[in-house]
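Protein chains: 6
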Amino acid sequence: MSHALTPLSALLVSQMVEAALAEDWGRSGDVTAQAVIPANAKAEAIIRAREPGVVAGLDFAACAFTAAQSGLSMQRFKEDGARIEAGDDIAKISGPAQALLASERVALNFLGHLSGVASQTAKLVDLVAHTSARICDTRKTTPGLRAAEKYAVRAGGGVNHRFGLDDAILIKDNHIAVAGSVSAALHAAQQAAGHMLSIEIEVDTLEQLEEALAAGGKIILLDNMTPDSLRQAVEINQGRAILEASGRVNSDTVVAISETGVDFISVGAITHSAPVLDFGLDIDVKA
Amino acid sequence: MSHALTPLSALLVSQMVEAALAEDWGRSGDVTAQAVIPANAKAEAIIRAREPGVVAGLDFAACAFTAAQSGLSMQRFKEDGARIEAGDDIAKISGPAQALLASERVALNFLGHLSGVASQTAKLVDLVAHTSARICDTRKTTPGLRAAEKYAVRAGGGVNHRFGLDDAILIKDNHIAVAGSVSAALHAAQQAAGHMLSIEIEVDTLEQLEEALAAGGKIILLDNMTPDSLRQAVEINQGRAILEASGRVNSDTVVAISETGVDFISVGAITHSAPVLDFGLDIDVKA
Amino acid sequence: MSHALTPLSALLVSQMVEAALAEDWGRSGDVTAQAVIPANAKAEAIIRAREPGVVAGLDFAACAFTAAQSGLSMQRFKEDGARIEAGDDIAKISGPAQALLASERVALNFLGHLSGVASQTAKLVDLVAHTSARICDTRKTTPGLRAAEKYAVRAGGGVNHRFGLDDAILIKDNHIAVAGSVSAALHAAQQAAGHMLSIEIEVDTLEQLEEALAAGGKIILLDNMTPDSLRQAVEINQGRAILEASGRVNSDTVVAISETGVDFISVGAITHSAPVLDFGLDIDVKA
Amino acid sequence: MSHALTPLSALLVSQMVEAALAEDWGRSGDVTAQAVIPANAKAEAIIRAREPGVVAGLDFAACAFTAAQSGLSMQRFKEDGARIEAGDDIAKISGPAQALLASERVALNFLGHLSGVASQTAKLVDLVAHTSARICDTRKTTPGLRAAEKYAVRAGGGVNHRFGLDDAILIKDNHIAVAGSVSAALHAAQQAAGHMLSIEIEVDTLEQLEEALAAGGKIILLDNMTPDSLRQAVEINQGRAILEASGRVNSDTVVAISETGVDFISVGAITHSAPVLDFGLDIDVKA
Amino acid sequence: MSHALTPLSALLVSQMVEAALAEDWGRSGDVTAQAVIPANAKAEAIIRAREPGVVAGLDFAACAFTAAQSGLSMQRFKEDGARIEAGDDIAKISGPAQALLASERVALNFLGHLSGVASQTAKLVDLVAHTSARICDTRKTTPGLRAAEKYAVRAGGGVNHRFGLDDAILIKDNHIAVAGSVSAALHAAQQAAGHMLSIEIEVDTLEQLEEALAAGGKIILLDNMTPDSLRQAVEINQGRAILEASGRVNSDTVVAISETGVDFISVGAITHSAPVLDFGLDIDVKA
Amino acid sequence: MSHALTPLSALLVSQMVEAALAEDWGRSGDVTAQAVIPANAKAEAIIRAREPGVVAGLDFAACAFTAAQSGLSMQRFKEDGARIEAGDDIAKISGPAQALLASERVALNFLGHLSGVASQTAKLVDLVAHTSARICDTRKTTPGLRAAEKYAVRAGGGVNHRFGLDDAILIKDNHIAVAGSVSAALHAAQQAAGHMLSIEIEVDTLEQLEEALAAGGKIILLDNMTPDSLRQAVEINQGRAILEASGRVNSDTVVAISETGVDFISVGAITHSAPVLDFGLDIDVKA
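Listed in order, the protein sequences are those of chains U, B, H, W, V and Y. Position 83 (the first sequence) corresponds to 83 in the working numbering; numbering is contiguous. Position 239 (the second sequence) corresponds to 239 in the working numbering; numbering is contiguous. Position 101 (the third sequence) corresponds to 101 in the working numbering; numbering is contiguous. Position 194 (the fourth sequence) corresponds to 194 in the working numbering; numbering is contiguous. Position 192 (the fifth sequence) corresponds to 192 in the working numbering; numbering is contiguous. Position 51 (the sixth sequence) corresponds to 51 in the working numbering; numbering is contiguous.
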């Protein structure tokens, strides 16, 4: 990536991590470590990648280990957004053994999930790197984790689509049906929106595309079109609007789509169906 | 499943759904629908499966549609835990069009994610149905969604392992290393735990298994053993302890593992790496 | 207003109102009414305007009266966004007298504050109605009430600028100073932003304006310029970018600014310094 | 002020400030600074008054800048309650430039609003300084900010009336109407209240005042009376009860009211209609 | 009681009850009922007193049973504040058996605890009924339950002292020591407080009492004095100030204290050490 | 105790303490200290036991004193679980006098309540120390304080029963009645539960005990049985199941119950009816 990775706000990270710790610790914390590990035992642990990918979520892991006055510290060997190989050391954690064991799973759950999203994103980003198309996400995210997953998309080299229903207008088929036409829907949106609110409209056909362009559409979503249709759309557009392609995008189809000349390709699967990236934690406890 | 599905508490469901709606609605709600759809427009919508699987999450979808005094109602054609086919109608939602569009994505995000978990679980459950082994989950869940994902595992025919660090003891290799031996760790745990707290101990070798059995271990986790070793473990055990197998379980390996005679097989992938099950929402708006 | 008023999400309204009720009710509620008014007394009350303006906040008032299973109901005679005169009846509330008295102040505090914002906005909107300029708000809002105040700006006929630091880019003098130049700052922002994130850049001089236009700036904030400079800016722009004027805007200066041809005029005072609009509540209690 | 200013609890300050930061930072924080300002850039900034008044809210500003492990520090040149002139330096903030820019608006929104309340209060306090009357506030506060605004009233030299419906009894016209008479209402309240709960009763006429005094009223609110009536009330009272005047109090009317001999004058406008006090932030960024 | 019982705000009750249900239901609710009781089984249950006392907490019980859309309803046979005998039927609950069993313990925990507080209060209230002394509470309450326990004190016929550190001033020995004298401390408080904030001062000797009276003290706490000293204090006071006795008050000592002529007797034990009042729930399930 | 005391998670402690401080500080904090104690006054205080018992809750006290950046520090002379005598010094707190006075009551309320629970537990533990029976708690806890009270039970030498309805199955008479028989209920539970969820069944007669044993019951609750019946139950059991006795257990009855050979004795009174243990705070303020 040629630009710096926009970090998540520390407030958001600590809220999510504290909620996850509460979820895992329940009402009496790590009863196993408390029963078996002496309170004064120290430990060191290395987080190590077990497969190649892109790392994301180190702030979450660090927060999980250092929350609740744990006495732990974490040293990073990689930064979010870095390409990693199986076997790479990612971070070292040192401090009280009980605290380390109590936070291990939450830290790895965040790190694995977000690195999974970043890695799936990066795969598609790499596949389209020879074109001007950029990979972006959708609102098809895991409930409660949207800001984190969208951050991971950025870590993987993708860009973010809108965050929610409130920060941009996206007119879809149902809206058009009610409004009566592409241009009627677009005009209603243009009239309601202030100058800082982006407006995108989804079209299913090249006729709709022409109507959207005529009505002053500046961002147009081409839904479920074949590469041939997309190529025609790019030609019709003549650079007037930003064009985004969506629908059934995966590693088999993304190259052909990207080569049509569209500007953005949005993919739900990078957030809603990314398998975790596998990390291990090798712990050395000194009783 | 021969027994009823244990539902999630309505309090938990509404908390998770309201948080997800807040995440999606942000600071001004669905600006698109508000700009384009008349406030008094009504709509009907059908949630339809686009691929076969097991449905889970209908309480979440219903809650998303009916929250915030939306005026919407939802009628179910399937119940959680049901096997469904592509094209099956799952539920019908009726009421104000703006409200329906504002909740659609959150409802589908929950339904897709949880049905994904249920379906992945069911695949493994089906593969081992000819044995007495049961599929169970782990603490490798998506942060913030553990209770929901564990519910989805039950919907898919699996059973739940412990929910967190607090509701059962699970002694692992690091604990054993600090305690000095399998039996020392087990004794420490037995002494600390009350009579309602289950104790499981992880062993890596058959020697450790024998030591655990001799020390009165009642639930034993056989980690990363080959089917041959598992079979030997079952023989050594002679029905004394409950045996759970774990480590790199997937659809290729699960049958062989299940046929060794172990009682439970725990799988992280059913919660941390399940792709969504695909549902569509066909909306008919009457302006 | 020619388009419908975008409402606030019911979730947000009830959260804000319940927090305000908790703030006013403290630890034992309305001890006066409980001591003096019989529990079974009924009451009717009319909310009446004491000065002309634009009403905003009826959802908040209704929520304050009907929260906490109060048994109250509220009938509206006006809708948010309506122009009202002194003496106009706005709404009627009926039900248990204790509950009505307990919610009166919170309801009026919201209604007065938000109608105050709407009315200040409408004053400026009226003053510039003969031009194409539109009045918009800023991030200079009362802490905790931004979404509500921005809603009131819409009720007053204004449009909303960005909601926070996250939903649009606004490059100011400090950013430009660090980046080295208007064009350097703009390029950095264009590279970082996805296609749905609007980018605005603030310029202080006509030279900066030309640089911004040359660098592809699409939304440009003209800060603290005289009407003469603004008029020159409009000429230079030739319709290429959206132009927003800001700085010391008030009822004395806004007309001259609006007649320069700028598209938007942003005003902090409509949210941060609007006096309340005065409403009275005439209560008729039947013991 | 001859006595120290009672501070707000640090818990309340940090809760309000974190909520305001969350409101402004939304789901991805300050995207502008992150895109344009290098992560390692440092900055220094001076908060400077742009108009004379009384400062209030420095704890809020300090908390906004130092929250979320920002790495920023703030040095104060003034303390809350101080009279300031246009051009006065109020505080200096130093640290990471991105963090400083991300917190600037929230810090100034609190400081401007609370200093506005303090300054409006001080204006009235100054006008009545030659009398024994003291200026106090009401429950007509901005929703969610009551504790902060009442703190600002103290900073401006005023005193606080009750905080909510629960911490003192205030019998008004509606209560009296239901109870049947001033004395009936007062007796009901005296019987219900413990010895630590203050009781005030509102009267509209001198006859009601005499009835209230006869019934043992210790704090009496004289609502909407002319200076002449207030003077008569003071004479009738003969020092028996504490007398508070209220109703349409502003800088034109307050002197005459204060010279009648009443003890307290309550004013809603100092909290509900105070314009912000204007502060600027001059930032010097070192990339 | 000659006056109506001031109820707790419904907002507070539902917040406390939902927190307690969440505490009891944890992450998967009532797994026993879900495993053993059919989902469509109905039940009726009677809450019955197992010992005599004063009932308090029926709003909490009702809320526990009807929360989370349980489908349950509760009919009351007694109201809070009523004297009850062993064997008395208190309320009947009807509806889904699973829901009834899931809420039973939380409902009874509130009812037992709050009725315990009310009953302990009533015992002391009865013992001093032949005098003008009234029993009041302290801030020695169970963390998190102060508003509820103070409500239960009222249900038992007691009156409430201040609710917290913020709603009244209570000057104790440490404050006096720092201020230098009783009168210095009192003057500092009188100067800082507005007219609605009550001021009480604690004295240990009759000399201090005289000093407090001379300094205009209106509410005086006589700490740990013998009945003889209290009687002298009453004589010295001559009705000028309200007198409150405190220190080691219990059923053995309270009569003698009350007969000295003091106005209030404050007792920590009625809130911090009240044993529960025992209630049973007889359930009749119809599968 | 021969094993270490399992601590409460620091997250839980700080949540409970901050809620209790908010409850006590209300909307403007400690107005007395702020009015009377100079802001720069320092103080030292000793927490001293006023009666013998077992201390529990020092983490809560420390958190109350050091929360909200108070500047206070606390040094411990005892640890939770220690037997203490009247007059023992427990801890010393040093720092700003205002902060110390503001936190004193909350710290002592926690310490007194939890030490009360620990001490009541320890009394019973001591009484049965000559047998193999162990004292355990129930779900009859104070709403909102279950985790803290169960911790205090451990500090007193007891063990914890299940924490809520979700972390173990406990089949009672109503469940058995609906299921049709002891064995039917047990089989339903065994089928529904995973291998980590303990199942206990309550029996009222020796016939039910035999049925439960025959059905594979591993943990059996003997409810309200006489010592004679309990002894017979132990004989019938022959070590097959863990036996728990419950019902009307107190210091008069517990010895006889413990000598019957049962493994556990559960007691509601140690949590729901424990009087506080009395502590004093001797403060030395240096103005």
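Keep in mind the hints are simulated off the structure, nothing from the lab. Please read all numbers here as calculations on a predicted model, not as lab measurements. Hints may be right or wrong, so weigh each one.
Claimed, not checked - Label pairs and their calculated CB-CB ranges:
| id | chain 1 | residue 1 | chain 2 | residue 2 | range |
| --- | --- | --- | --- | --- | --- |
| 1 | B | 46 | Y | 11 | 55 to 63 Å |
| 2 | U | 284 | V | 51 | 56 to 64 Å |
| 3 | H | 83 | V | 240 | 58 to 66 Å |
| 4 | U | 40 | B | 77 | 57 to 65 Å |
| 5 | Y | 51 | U | 15 | 39 to 47 Å |
Backbone N, C-alpha and C define an ideal beta-carbon position, used for all residues, glycine too.
Hints, verified against the model:
no. : hint                       : result
1   : 46(B) / 11(Y): 55 to 63 Å  : 44 Å, violated
2   : 284(U) / 51(V): 56 to 64 Å : 59 Å, holds
3   : 83(H) / 240(V): 58 to 66 Å : 59 Å, holds
4   : 40(U) / 77(B): 57 to 65 Å  : 59 Å, holds
5   : 51(Y) / 15(U): 39 to 47 Å  : 43 Å, holds
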